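Single-letter residue listing:
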Amino acid sequence: MIGILKSMATTMKHALDGSTFTVEYPETAPDVSPRFRGVHKFSQERCIWCRQCENVCPNDTIQIVMDDKRNGEQYNLHIGQCIYCRLCEEVCPVDAILLTQNFEFTADTKHDFVYNKEQLKAVPWYKDIDPLESREPDRGAWIGEGDGEVDYQ
Amino acid sequence: MDGRIDAVAPAPLQNDETVLLPERIGELTGLDGFGVGGELLAAFLAAFLVGNLMLAMTGVAGPWAKRKITAAFTDRIAVNRLGPAGLFIIVADAVRLLSKELVIPENADRPAYDLAPIVVASSALLGFAVIPMGSGIHLADPEVGLAFVFAVAGIASIGLVMAGYASSNKYSLLGGLRAVAQNVAYEIPLVITGLSVVIFAGSLQMSTIVEAQAETLVDLGVVTIPAWYALVNPFAFVLFLLANFAEVGRNPFDTPEAPTEIVAGYQTEYSSVYFVLIYLGEFLHIFLGGAIIATIFLGGPAGPGPAELGIVWFLIKIWAVFLLTQWLRSAVPRVRIDQLIEIGWKGLLVLSFANLILTAVIVGLIA
Amino acid sequence: MSTGLERERPPVEVTEADLEAVIGDRALSRDDHLNAPGFVIRPDDVQDVLSDLKERAGFDHLSCLTAQQYEDRYESIYHMKKYADPTQEVSIVVPTPTDEPVSESAEPVFRTADWHEREAFDLVGIDYEGHPDPRRILLPETWQGHPLSHDYDQEKPQLVTLTEHANPVQPDHHEAESDTMFLNVGPHHPATHGVLHIKAVLDGESVVDVDPDIGYLHRCEEQMCQQGTYRHQIMPYPDRWDYVSAGLLNEWAYARAAEDLADIEVPEYAQIIRTMGAEFCRIASHMLALATFALDVYGDFTAIFQYGMRDREVVQDILEDLTGQRLMFNYFRLGGVAWDLPEPREEFFAKCRNFLDELPAKVDEYHDLLTGNEIFQVRTIDTGILEPDVAKDYGCTGPVARGSGIDYDLRRDDPYGYYPELDWNVVTMDGCDNYARVLTRMQEVEESAKIIEQCLDLLEDWPEDERDIQSNVPRTLKPDADSEIYRAVEGAKGELGIYIRSDGTDKPARFKIRSPCFHNLSALGEMVEDEYIPDLIASLGSLDIVLGEVDR
Chain A
26 MIGILKSMAT
36 TMKHALDGST
46 FTVEYPETAP
56 DVSPRFRGVH
66 KFSQERCIWC
76 RQCENVCPND
86 TIQIVMDDKR
96 NGEQYNLHIG
106 QCIYCRLCEE
116 VCPVDAILLT
126 QNFEFTADTK
136 HDFVYNKEQL
146 KAVPWYKDID
156 PLESREPDRG
166 AWIGEGDGEV
176 DYQ
Chain B
399 MDGRIDAVAP
409 APLQNDETVL
419 LPERIGELTG
429 LDGFGVGGEL
439 LAAFLAAFLV
449 GNLMLAMTGV
459 AGPWAKRKIT
469 AAFTDRIAVN
479 RLGPAGLFII
489 VADAVRLLSK
499 ELVIPENADR
509 PAYDLAPIVV
519 ASSALLGFAV
529 IPMGSGIHLA
539 DPEVGLAFVF
549 AVAGIASIGL
559 VMAGYASSNK
569 YSLLGGLRAV
579 AQNVAYEIPL
589 VITGLSVVIF
599 AGSLQMSTIV
609 EAQAETLVDL
619 GVVTIPAWYA
629 LVNPFAFVLF
639 LLANFAEVGR
649 NPFDTPEAPT
659 EIVAGYQTEY
669 SSVYFVLIYL
679 GEFLHIFLGG
689 AIIATIFLGG
699 PAGPGPAELG
709 IVWFLIKIWA
719 VFLLTQWLRS
729 AVPRVRIDQL
739 IEIGWKGLLV
749 LSFANLILTA
759 VIVGLIA
Chain C
25 MSTGLERERP
35 PVEVTEADLE
45 AVIGDRALSR
55 DDHLNAPGFV
65 IRPDDVQDVL
75 SDLKERAGFD
85 HLSCLTAQQY
95 EDRYESIYHM
105 KKYADPTQEV
115 SIVVPTPTDE
125 PVSESAEPVF
135 RTADWHEREA
145 FDLVGIDYEG
155 HPDPRRILLP
165 ETWQGHPLSH
175 DYDQEKPQLV
185 TLTEHANPVQ
195 PDHHEAESDT
205 MFLNVGPHHP
215 ATHGVLHIKA
225 VLDGESVVDV
235 DPDIGYLHRC
245 EEQMCQQGTY
255 RHQIMPYPDR
265 WDYVSAGLLN
275 EWAYARAAED
285 LADIEVPEYA
295 QIIRTMGAEF
305 CRIASHMLAL
315 ATFALDVYGD
325 FTAIFQYGMR
335 DREVVQDILE
345 DLTGQRLMFN
355 YFRLGGVAWD
365 LPEPREEFFA
375 KCRNFLDELP
385 AKVDEYHDLL
395 TGNEIFQVRT
405 IDTGILEPDV
415 AKDYGCTGPV
425 ARGSGIDYDL
435 RRDDPYGYYP
445 ELDWNVVTMD
455 GCDNYARVLT
465 RMQEVEESAK
475 IIEQCLDLLE
485 DWPEDERDIQ
495 SNVPRTLKPD
505 ADSEIYRAVE
515 GAKGELGIYI
525 RSDGTDKPAR
535 FKIRSPCFHN
545 LSALGEMVED
555 EYIPDLIASL
565 GSLDIVLGEV
575 DR
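Protein chains in written order, with the working numbering: chain A, 26 to 178; chain B, 399 to 765; chain C, 25 to 576.
Calculated from the structure, these hints are not laboratory results.
Predicted, not measured: the structure shown is a model, and the values here were computed from it.
Think of the CB as a built atom: it goes at the ideal place given N, C-alpha and C, for glycine as much as any other residue.
Incorrect hints may have been included.
Claimed, not checked - Taking lysine-lysine pairs in the PhoX-like style, the calculated list, with each CA pair at most 20 Å apart, reads:
hint, chain 1, residue 1, chain 2, residue 2
1, B, K466, A, K38
2, A, K94, A, K142
3, C, K375, A, K31
4, B, K568, A, K38
5, B, K568, C, K531
6, C, K474, C, K375
Stated by the list, open to error - Computed beta-carbon distance windows for the label pairs:
hint, chain 1, residue 1, chain 2, residue 2, range
7, B, F633, C, E382, 39 to 47 Å
8, C, L183, B, R479, 41 to 49 Å
9, A, P51, C, R377, 26 to 34 Å
10, C, E179, B, L485, 14 to 22 Å
11, B, R508, C, R160, 38 to 46 Å
12, B, N505, C, D157, 25 to 33 Å
13, B, W743, C, K474, 42 to 50 Å
14, B, L485, A, T45, 38 to 46 Å
15, B, K744, C, H212, 34 to 42 Å
16, B, A549, A, T134, 21 to 29 Å
17, B, R479, C, D341, 19 to 27 Å
18, A, I73, C, K180, 37 to 45 Å
19, C, T111, B, W743, 40 to 48 Å
20, C, A374, A, K135, 35 to 43 Å
Unchecked claim - Residues on chain C that point at chain B, a partial pick, calculated with CB under 8 Å:
hint, residue
21, M205
22, H213
23, V219
24, L319
25, V321
26, D324
27, A327
28, P368
29, F372
30, L393
31, T395
32, N397
33, R403
34, I405
35, P558
36, D559
Based on the provided sequences and hints, a complete structural model is requested.
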């Protein structure tokens, strides 16, 4: 009986202290960590079309189309299929593909989630946070190149 | 102690002072001049008023208050987007629930399946007929008022078992069987404990029971503590509360529904309007349980201030009981069905008889 | 509770010579794996050899069964261990010809072989002679072919007609006179913790027989890992096995197996970060287990569930700061971790310490709400009994085994990471019931907090110039051909093991996941027989299964 009363006292204490844990989204935009991985942003100016991101992607989310002179033509990314592992950003030698903190994206059909180059360029920063800057202290901590053989293709 | 002895003394069979609501409506509208037909119409109007008051209360409780209360216990905010404090969710939910498709299982036993929600909801509504709610809101005052309430509230179990077997669903069947086993086990202690109050009041009539509690138990000078039976016999009060929770199927005795075990018990297959009826019926039963407790243990509509405030005090008492069910829901696990039956037959039944005999002996000695 | 990191009874060491003596000339040849000596035996010697190893050499834990197809043969590998000392391992390799893959069933020796062999039959196509219940387990019964066998046609469309579910409301398939009732619990049911389907036979309210039907969440995780490169592409997937916040623990299972396979060193600093992150995951996972168990016993989304979620949320925030994601971390890398601690470091440490400081009060609150509550005790004590012998027979590990008094924790018994250097205890309870399992998890949360605290102390004082988070690992990893390894870590639910066979390319030739939930769930039948339906639900909750890991 004492145990039951103790349980009841505990829940009543929570009821009376008035504190809540709810985040009232979208009125209050939640804070995300600098490392948070959201929708990708692509920079064509930086991209050298090395195709490493396409190669490393575990589930073929990135598709790159090049002409016969190895100039980039298309850069397509299915953000609905992406598993947000950030390996593309990790292997990119020139920071051309970045995962922003932006998690707010919707579409009417899943095909709308196939973003092309232009759509990827237009992805806004979340709360104006540039992940490159916010993650800056850690840039040095990125993947070790290793001594062994480097296999780009 | 004088007051109590007076209360125990045989009460007048018909309390002349009580003016019932149908009579008052008859007077106000002039319907009493039209003979039996007028009286019937007045009675109907009165019943309509009381029934709607109760339905409105469940309307507030179901989609809004319950959410808010649960949220308070669980550190959340709950509905707050529609209207002040989210109150308009009641309208939105009503539209949502009523506009849903009514899905009826292929093998459902039709008349029974359709009747069950009505039986569940109406049995609870009927009970309010004899409850004196103060401020003159009292539909009928038969001599056997208390027995009537228990009788109509008990009809609900028929509704539950009908819902259970007619749904043609094994979870429903299990839920229906559990409901019956539980109601049978707890109805008896409930009535027996209620009897101990009857021994004090010397009458089954609700108005007499309420009146008897208006006497003074202790006069502390500044405050006068009335002879509410909850204070006179707290043991019976606790027993009755427990049996009542089981009777209306609330935590820790919500085994007939048992959401995580048998999906939703007897109401698994009900949707749309039928679901609303069952849901309403459940809340009505909680409120009816609260009303019975308020009437026979908490002095009915009695409270400080003028007698016109009676209905306010009465509603506060009902809501207090409702709040208690929600509080228990937040903190007390559900007992297993076999444990529930054991508590009912081996615990509460024995205790309620002990309470009855003890009360009888004490009242007998004092009188 | 045991004390310290030393085991009380050091078990007898079995040398390879002893093993050779036990197996004798039933061993056709040797096929050593990186983790254990391996013996090749004939398909009809399986029961003999396994029972000899169990009785005479003390290998009482059939940890895993890996089945695979080579160009010229099928192979079943029984990975055996000892509960008393999991570092003593032996692999029994049973080759069977391609045209007639029939092997003797190990089920009479180890009950756990039942589900294992069903899975091997289902996915690879090896028949086990004498198996009591040779049905498919993960795929539907009408599935054609065995997806992991070489001649399987991936392109062929499968028509999956669930014959037995043709009409869900048709009368029971049980005899008319019998007074039992057949009840489908799940796959959509409020208390199955995912898409689990339990075929229950009831006698009134009590359970006569249960048959868990799994596979609704089978996502070919093993095959996906076989198609990924060791270096990068496999690591995101472990997060998705046990997807309720145990991500880093799962990643460690792969990291440990692959690092041992390719002989990769991990810097000490990275090991501490790994240890800390993994224990945060364990706390989050146990919090959720506690919350959902309360849900099962209490009935609604009640206070305890919400408090559990709220407290877990704090851990999730910390993990988000550390790894960049809340559930699917992808934080470990072979040879280390992806990021150093987040900057500003002081802020991160403060956040962690703040959580640790508040934890005791929260645990007390759970004790007030749950374990101290008399009705909760009545509901959980002496229900869902799992005797230690039965638990071992079914290969149960983790809090489920420790709640049955089995002193088995890979963090201590098969040390990895930074655990051996830290001061913490393995929690065991003798209750064997639902209550003991809840208590075990609650105390493990406190032990994890102890570990995290020590890790934080170490990380704070670590010399600035020695903060190596990754060792030098080549971009393309190609472990030696035909090297095989089975390695396990203590996941949130128990022993999470990975078997990898390399064929010299940059992708594994066979990737097998030993899921603790799979084994724990297989013991459900033993726990709930003759109990009531509510106890079936409570016992299922106390097993803390995640269907993503059961079905993989």
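Hints, one by one, checked against the model:
For a cut-off of 20 Å, the pair hint linking K466/B to K38/A stands: about 16 Å separates their Cα positions. Distance check on the hinted pair: K94/A and K142/A sit about 19 Å apart at the alpha-carbon level, within 20 Å; holds. With a C-alpha separation of about 30 Å, the suggested pair K375/C and K31/A falls outside the 20 Å cut-off, and the hint is violated. Proximity of K568/B to K38/A is assessed by CA-CA distance (about 40 Å); at most 20 Å being required, the pair is judged violated.
The hinted pair formed by K568/B and K531/C fails the criterion: a straight-line CA distance of about 50 Å is larger than 20 Å. Under the criterion of a C-alpha separation no larger than 20 Å, the hint pairing K474/C with K375/C is consistent with the structure, at around 16 Å. For the pair F633/B and E382/C, the beta carbons lie near 41 Å from each other, so the given range of 39 to 47 Å is met. Distance hint check: the CB atoms of L183/C and R479/B are about 46 Å apart, consistent with the given range 41 to 49 Å.
Range check, P51/A to R377/C: Cβ separation about 32 Å, and the 26 to 34 Å hint holds. Look at E179/C against L485/B: about 58 Å separates their beta carbons, and that is not inside 14 to 22 Å. At roughly 40 Å, the beta-carbon separation of R508/B and R160/C lies within the given 38 to 46 Å, and the hint holds. Distance hint check: the CB atoms of N505/B and D157/C are about 32 Å apart, consistent with the given range 25 to 33 Å.
The supplied range of 42 to 50 Å is met by W743/B and K474/C, whose beta-carbon atoms lie about 48 Å from each other. In this structure, L485/B and T45/A break the distance hint of 38 to 46 Å, their C-beta atoms being roughly 18 Å apart. Against the hinted window of 34 to 42 Å, the Cβ-Cβ separation of K744/B and H212/C comes to about 37 Å, which satisfies the hint. Separated by about 59 Å at the C-beta atoms, A549/B and T134/A break the suggested range of 21 to 29 Å.
Separation of R479/B from D341/C is about 25 Å and conforms to the stated range, judged on CB atoms against 19 to 27 Å. Remark: the range hint 37 to 45 Å for I73/A to K180/C is upheld by a beta-carbon distance near 41 Å. For the pair T111/C and W743/B, the supplied restraint of 40 to 48 Å is violated, since their beta-carbon distance comes to about 56 Å. For the pair A374/C and K135/A, the supplied restraint of 35 to 43 Å holds, since their beta-carbon distance comes to about 42 Å.
Below 8 Å, beta-carbon pairs count as interface contacts, and M205/C has one with chain B at about 6 Å; its hint therefore holds. Given the 8 Å rule on beta carbons, the hint for H213/C holds: about 6 Å separates it from the nearest Cβ of chain B. About 15 Å separates the beta-carbon of V219/C from the nearest beta-carbon of chain B, more than 8 Å, and the hint is not met. With its C-beta approaching chain B no nearer than about 6 Å, L319/C sits inside the 8 Å limit, and its interface hint holds.
Interface restraint check: V321/C against chain B, minimum CB-CB distance 5 Å, threshold 8 Å, status holds. Interface restraint check: D324/C against chain B, minimum CB-CB distance 6 Å, threshold 8 Å, status holds. Given hint, A327/C at the interface with chain B, holds; its Cβ is 4 Å from that chain's nearest Cβ, closer than 8 Å. Proximity of P368/C to chain B is violated relative to the hint, the smallest CB-CB distance being about 30 Å (cut-off 8 Å).
Here the hint on F372/C is broken, as its CB sits about 25 Å from the closest CB of chain B, past 8 Å. With a least beta-carbon distance of about 7 Å to chain B, the hint placing L393/C at the interface is held under the 8 Å criterion. Below 8 Å, beta-carbon pairs count as interface contacts, and T395/C has none with chain B, the closest being about 11 Å; its hint is therefore violated. A distance limit of 8 Å between C-beta atoms decides the matter here; for N397/C the minimum to chain B is near 7 Å, and the interface restraint holds.
Contact between R403/C and chain B, as hinted, is supported at the beta carbon level, the nearest pair being about 6 Å apart and thus within 8 Å. Taking 8 Å as the C-beta cut-off, the interface hint given for I405/C is violated, the closest approach to chain B being about 12 Å. The criterion of a C-beta within 8 Å of any C-beta in chain B is met by P558/C, whose closest approach is roughly 5 Å, and the hint holds. Hint on D559/C holds. Least Cβ distance to chain B is approximately 7 Å, under the 8 Å limit.
Going through the hint list in order, the structure does not satisfy hints 3, 4, 5, 10, 14, 16, 19, 23, 28, 29, 31 and 34.
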